[in-house]
Amino acid sequence: MNAPTDPKLLERKDALQGMGDSRLRKEDARFIQGKGNYVDDIKLPGMMHMDIVRSPYAHARIKSIDKSEALKVPGVVAVLTAEDLKPLKLHWMPTLAGDVAAVLADGKVHFQMQEVAVVIATDRYAAADGVEAVQVEYEELPVVLDPYEALKPDAPVLREDLAGKTSGAHGPREHHNHIFTWTAGDKAAADAAFASAPVTVSQHMFYPRVHPCPLETCGCVASFDPVRGELTTFMTSQAPHVVRTVVSLLSGIPESKVRIVSPDIGGGFGNKVGVYPGYVCAIVASIVLGKPVKWIEDRVENISSTAFARDYHMDGELAATPDGKILGLRVDVVADHGAFDACADPTKFPAGLFHICSGSYDIPAAHCSVKGVYTNKAPGGVAYRCSFRVTEAVYLIERMVDVLAQKLGMDKAEIRAKNFIRKEQFPYTSAFGFEYDSGDYHTALNKVLDAVGYKALRAEQAARRADPNATHLMGIGLVTFTEVVGAGPSKMCDILGVGMFDSCEIRIHPTGSAIARMGTITQGQGHQTTYAQILATELGIPSEVIQVEEGDTSTAPYGLGTYGSRSTPVAGAAIAMAARKIHAKARKIAAHLLEVGENDLDWEIDRFNVKGDPARHKTMKDIAWAAYNNVPAGLEMGLEAVHYYDPPNFTYPFGIYLCVVDIDRATGETKVRRFYALDDCGTRINPMIIEGQIHGGLTEGFAVAMGQQMPFDAQGNLLGNTLMDYFLPTAVETPHWETDHTVTPSPHHPIGAKGVAESPHVGSIPTFTAAVVDAFAHLGVTDMTMPHTSYRVWQQLVKSGVAL
Amino acid sequence: MEVKLDKRYPLEVSIEQAWAVLSDIRATAACMPGAAVTEQVDDTHYKGTVRSKIGPAVMQFGGDIEVKALDPATKSMQMMAKGADKSGSSASMDLAATLEPGETAGTSVLVGAATVLVSGKLAQFGNRLLVPVSDAMLAQFADNFRAAAAAVPVAAPAQSATTAPTAEGTSHAPTAPAAPAAVSAPAPRPAPAPVKELNAIALMWTVFKNWIAGLFGKRA
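Protein chains in written order, with this note's numbering: chain A, 1 to 804; chain B, 1 to 220.
Think of the hints as simulated: they come from the structure by calculation, not from any bench.
By construction, the Cβ of each residue, glycine as well, lies at the ideal position given by its N, Cα and C atoms.
Fair warning: there could be bad hints in the mix.
As the list claims (entries may be wrong) - For lysine to aspartate or glutamate, the following EDC-like pairs were computed, each having C-alpha atoms within a straight-line distance of at most 20 Å:
| # | chain 1 | residue 1 | chain 2 | residue 2 |
| --- | --- | --- | --- | --- |
| 1 | B | K4 | A | D713 |
| 2 | B | K82 | A | E140 |
| 3 | B | K86 | A | D129 |
| 4 | B | K86 | A | D298 |
| 5 | A | K63 | B | D43 |
| 6 | B | K82 | A | E137 |
| 7 | A | K585 | A | E595 |
| 8 | B | K86 | A | E595 |
| 9 | B | K4 | A | E132 |
| 10 | B | K86 | A | E132 |
Unchecked claim - Distance windows between CB atoms, simulated:
| # | chain 1 | residue 1 | chain 2 | residue 2 | range |
| --- | --- | --- | --- | --- | --- |
| 11 | B | L129 | A | A466 | 42 to 50 Å |
| 12 | A | Y125 | B | F208 | 29 to 37 Å |
| 13 | A | S68 | B | K68 | 51 to 59 Å |
| 14 | A | K257 | B | F208 | 39 to 47 Å |
| 15 | A | L289 | B | L129 | 39 to 47 Å |
| 16 | B | L129 | A | H442 | 41 to 49 Å |
| 17 | A | P711 | B | K68 | 54 to 62 Å |
| 18 | A | P711 | B | T104 | 45 to 53 Å |
| 19 | A | E137 | B | E12 | 56 to 64 Å |
| 20 | B | L129 | A | S68 | 44 to 52 Å |
| 21 | B | L129 | A | D646 | 51 to 59 Å |
Whole structure, please, built from the sequences with the hints as guidance.
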């Protein structure tokens, strides 16, 4: 939009607090006063409490479950096991990935902390006492934790329920612990590129299992009304409408009588997309007892049993010319999916959008293969603050480009500039078939290199390396990533057969205020603030009088929810499109009121002016009033619209991140000296919220790269499921972030916005690894496995012979 | 998680006195802080409990004990204990204990090798404490064992000589059901040492002291 210069126009524009305004978050007033309304705040009359009996073993047969003692505990009203769910056919449930998962262990436990039985009691304490009184007798079975071990011919059969099934939801199964093998790209072309390439490099890398660990754990309050036959469930869900469909299909209750409400959510990061056994059991218990049942996880349960992320063992190969032009890419992944395949990906993509792994580079031939494997670990594989498996893909390609640069002795910025997709190549179709919408990588890279004084940093590093008495190693990490977000076009993306559109319903009230209801659900992203801003600019109504509502399936239009940075690219577009329907009707009303033709009107910020005579105008407020009493003949009264937006393509935000680390040669302590993040998310709706999103994403990326891990011992015990062990950075550890941006709007999005919340997570993780590895690059090191804790870095110092 | 423990505790009592305690599973169990044998199932199988309190966490393990071998000739005992706690932990211990003559007459050494396997909450929470806590528990065990053995009247040398042939005859059997009776019968049952629940404060102090000592390179 052309920015107005007339002070009066500027004043009117500013009054709207529309797009581009750093409007303060509307949500914060209640959050900072402790007046949010989270699931655990919900207390219904007569509400029961549920707690879960979980397996101490990672793999064991259940010989017996004795609930008699538990039923004697005062306050305990019911104990449910798989046997009790069998008549309802609810002891197993379908997963989003086409597999089934045990709701309560059916004869066998497949991972530590798996749900074995639930206890329902009149209060939370009685439920916990009841859990302790349930006696379960186990017979331990051999534990398989390594996916490579799982694929050996004589490996124990983990999923006995799948015995004899030679094909799964994603094609043939070649082994009893094999789930699927998924490929993308052109293998013959990639192999040909490698066969004739003068230079090739390969690198094995492991992206460890981590957990999104939102501050609020998962939980629900299920309330079945036996008189009306209606089920209401308050739930920490990132996708309430999809959950409603699943609950209706599983329970047989008509979808019109199922209501799912996602109240305030304390962070999701992919952890709250799926349906967990606790939800199913609470719903069943509520139906059976005819009373509300609350289930809230504790932290240990959250980290141990709900959806993890990553756990990809990746082999990458690049083929190139001697001067660093990449000719081909091959990737082979073994993916540890845990006990059940419960990845949350669009149905047709069992490895998500991993085939974005050609990155920001013009690579003529590429092929990738991902093999999913069962192990005795918790199920999951969700997009932890990223679009589906994009974090893994970006990590792979960015690390591989560094490995190639090191082999060729090239500068890591130079090799990137040489291989970038050039500005004039957009829209660009990658070797994997993605159509990149827009980008200007060279401009962004140069902006960052200038801002940080890249040459001087490299000179300082060279001097440091030359000095044998230097106490610290210095590393510079550079990552130039492209993300694919906004899933997605329904021709490619669906979940359980429902296309991945999103929706908006707008009503303009007679006095000129408005309500917008959305199919998404905020978990901290600030939807109430930013959605209103889009509407304010589109319709000329002040943000302050626009209510945004989402999360209640009985009032909101159907939508696929919030994850994978899809809110702005999909739902943001839906608002703009619904607003434009209203705008078109408003124009008709304005023409009628002003007694001119529709084409004789100009739109200006908040009003329609008669062309050449702006003194004759009607503001949107005037029009709203008229919509309810004076509309042209043949036009319906009212001013409202609904739009279901099916995106024509994904959006492709990108960024250039640079990190400088200093590593203490005596202790391995790695200090982030500088972190510079340039993001291009297209049109910027609220720069302050973008900045906050980027700070949050960088901090979570820092957590993953520098500290988060889920170590298992040989028996399958998870040694890191409390916040004593699992690293959540606070202000103490978090480095200072410098942010910057360029703006390359998406050509296919109604307002040109691309989505931003996840880019900093996706982009920063390989940047930290790149910086740490770069500190050792002159010693021939090409890979170090995360997290880069002091101890692990110190081990590398010792191995490389540079420890003091 | 798996913890391997190899311990040697010098005892100020004769090897016979010590054997009188070690060969009596109830007496030995009573030396373990918080532990007790609650039921004898048959000659080699028992049921028992271990209760320990660390800070606010009370763990009460109930389970089975199997005496796999008891050899008076070599003064060695092998047992397997396996149990679960209500709050979602399970543990097993494979223990081989042998008595050796001490450096001076009338003294002996208790040599123990144990493999402890822990699953569930205890492993998850306690992994970094498991080794020091086990060390401290065993140190308390050794103190109690010394006291219990000291209470055993010094047996006449002839008694131990008479038991030797019996022992040779059974030493190859995996279990020696007759042997415990044969050995412990002549010696009156030692006065049971007071069953001490694991003393949390003393235990934490020991753990802390060992940690400090570890910082300066000398393990207590």
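Hints violated by the structure (listed by number, smallest first): 5, 8, 9, 13, 14, 16, 17, 19, 20
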